[in-house]
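Number of protein chains: 4
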Amino acid sequence: MEAFSDGVFAVAVTLLVFDLKVPDHREGQLLSELARQWPAYAGFFASFLYTAVIWLNHHTAFTRIRHVDRGLHFANLTLLFTTALIPFPTAVLSHALIDGVNSADARTAVALYAGIAAAMCAAWLLLYTTVHRGRDRLVEADIDPGTFAADRWRSIIGIVGYLSAGVVGALVYPAIALAVFVCLPIFYAATSEGALHLFGNSRRGGSTQ
Amino acid sequence: MEAFSDGVFAVAVTLLVFDLKVPDHREGQLLSELARQWPAYAGFFASFLYTAVIWLNHHTAFTRIRHVDRGLHFANLTLLFTTALIPFPTAVLSHALIDGVNSADARTAVALYAGIAAAMCAAWLLLYTTVHRGRDRLVEADIDPGTFAADRWRSIIGIVGYLSAGVVGALVYPAIALAVFVCLPIFYAATSEGALHLFGNSRRGGSTQ
Amino acid sequence: MEAFSDGVFAVAVTLLVFDLKVPDHREGQLLSELARQWPAYAGFFASFLYTAVIWLNHHTAFTRIRHVDRGLHFANLTLLFTTALIPFPTAVLSHALIDGVNSADARTAVALYAGIAAAMCAAWLLLYTTVHRGRDRLVEADIDPGTFAADRWRSIIGIVGYLSAGVVGALVYPAIALAVFVCLPIFYAATSEGALHLFGNSRRGGSTQ
Amino acid sequence: MEAFSDGVFAVAVTLLVFDLKVPDHREGQLLSELARQWPAYAGFFASFLYTAVIWLNHHTAFTRIRHVDRGLHFANLTLLFTTALIPFPTAVLSHALIDGVNSADARTAVALYAGIAAAMCAAWLLLYTTVHRGRDRLVEADIDPGTFAADRWRSIIGIVGYLSAGVVGALVYPAIALAVFVCLPIFYAATSEGALHLFGNSRRGGSTQ
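Chains as they are written, first to last, in the working numbering: chain A, 1 to 209; chain B, 1 to 209; chain C, 1 to 209; chain D, 1 to 209.
Please keep in mind that the hints were generated in silico from the structure rather than gathered at the bench.
For each residue, glycine too, the CB sits at the ideal point set by N, CA and C.
A couple of the hints might just be wrong.
From chain D, some residues computed to sit far from chain A (all C-beta separations above 12 Å) [said to hold, decoys possible]:
| id | residue |
| --- | --- |
| 1 | Glu33 |
| 2 | Arg133 |
| 3 | Ile143 |
| 4 | Val168 |
| 5 | Val182 |
| 6 | Leu196 |
List time: in silico DSS-like cross-link candidates among lysine-lysine, alpha-carbon distance up to 30 Å [stated by the list, open to error]:
| id | chain 1 | residue 1 | chain 2 | residue 2 |
| --- | --- | --- | --- | --- |
| 7 | A | Lys21 | C | Lys21 |
| 8 | A | Lys21 | D | Lys21 |
| 9 | B | Lys21 | A | Lys21 |
| 10 | C | Lys21 | D | Lys21 |
| 11 | C | Lys21 | B | Lys21 |
| 12 | D | Lys21 | B | Lys21 |
Just chain A, same shape as in the assembly:
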């Protein structure tokens, strides 16, 4: 199962480059046209970061799992569904920002991105809950039994964070949402070893290759 999941992550992260297009330009105007599409570069960076961090969390989780049952297969496919979707709201957001950070279209795009990112956090919550409930069968013996219960809090923070960002971005000011879109992946990167490790428990720190 990890081969298939790793394949989806690898393709999704590499396909993001298709949002970077050679701009139409009159002769000699290439530099200024390249500069004008800066939101596409920001979108590429943010979505690469987000997808790579998701892979890292996925990789960490599955070094702790020893068995995959039906329920976990479906939770994982739900997560891959939202991952495969990410390039779409990224492209919508990049296009909208080129026309202005505070336009009506930017508000629409920010709400779309927030909704799909929150759905991905919900998929993580489903996955962590599935593993936690079946931890006697599914989890490696040397893992702290509270590991996946604690990780559910990380998902809940994401759901609340993205939904709040979507509402504030759509109704008040889109740039606030953009700041959240950059900060939450950094939060997930910083906590990729799992929530338990934040509180000094590092019985099993690094992942082996």
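Chains B, C and D: place on chain A using the hints.
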């Protein structure tokens, strides 16, 4: 062989996002234009579900197979051929539905989708039959000898179901075919452990990672 | 190394679907426009078959190889280079055939396809020669020492066959070249166990998974 | 981690073919239009070579690494980020060269390519430094302790080489930069076994499969 097959499934499932395009729109009209292309979202969802379920069935089958001979290689490549094709009828169907669920073009698109989906079921029938005939050499020792014979019935239900949906959709009412296109993948997901397991035989339930 | 190669084959074979586009059409004309682009379907089928057969030959060769040195890495990358290129001449050929099987553009397209397919056969010749020369270090102990020497003849048949098809197709009649483009992959599929096996030697028949 | 990295390399290298487009042409003009887009073929070749050589170096490095910690994960993701980006400056450069090797746009494109290639060399420097600092935990026991320290020099040559090429190409003559863009990947291919091997140390020559 599983690495190559998993790669094809992972790429096929991730490429589906290319059918989701940023819609052309006048300033301020992004929201309504995004809403107007709902058939593309339905198509993405249905084809992701279908391809993911095919992968799950493929994964289950190959945990029970211990040897791959020439005949099984060709049956598997036939299956991958139809899988790699899926994004095309999905795109045709999405485009046709935007212009109306009951148009002449929707009837054409429904028939194309049904034909290719039936061809995939025929590829499964070939694969299950190939494994069943060579079960002494090809199948793991602890697997019930009737496993792959029983699974052939699942393929036959798909061939008959998709062809019927295609005929009814093209000649009577396309929406009936769309309902079948959603239900059959759910049937394959529900029976992904194999037909034998439906009748209480679960000697080997979950798949190991 | 096989993971990377399998990845390239899997992506190349799945990307071919991008040559199948939803045709521009007036309302109600979808069926006839779909029919008109039959050369694209033929191109998809031929290139899928060719790439899948290349993968099968690659897989068979590497079940017999136990060590990869610098020279073999470069021979393999040359083969992957020509494999990754295949979607381009396929698209050129499909487009040219839509405008007529005997046009000046069809002659150009046929010559391009033949040249790249011959280059791929030359990459196979390099790979088989590299393995044959270093067979004491590179090949599994239980493999007949003449295996890779015999396979070189299969590559030479391809080089001569594709170059002849290109010359005849460009100067005399393109359809003759198209027939060769379908027949040579079938030849490679039929001989994928290696040239030695054609003459009754099947000490090591099927490949294990 | 290697499965994910190999996947990104395999997808990146195969996606490059999308820069090769069937040219718009009037009937009978296919040959001359194909010839006119030679910079796209040169770009495909150079970027395929570069990405394949990066994969080869990555593969060599990770046969010597036995453990991956957080820091190495992030260094590796930085490298994958620059790898996934390569198709973009390649496309910009190909387009610019079609309009003339010495135009203002060619200078812009050459500077962009040089900047991203230098950033990739900086990612290699980060990776080699991370491994060298943690060599007691991260590196296989039978590897010379100076291996990764020596490899840092190969990265520094790349950073200086690409940045110089970018400055000279943007301010003096773009063709000089193009020559550097071809020569540096050849340098990395020739030294892919590691800098230490250049000085006669080949205690561990070929990589096993």
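Q | Those earlier numbered hints the structure runs against, lowest number first | A | Of the numbered hints given earlier, the structure breaks none, since each of them holds.
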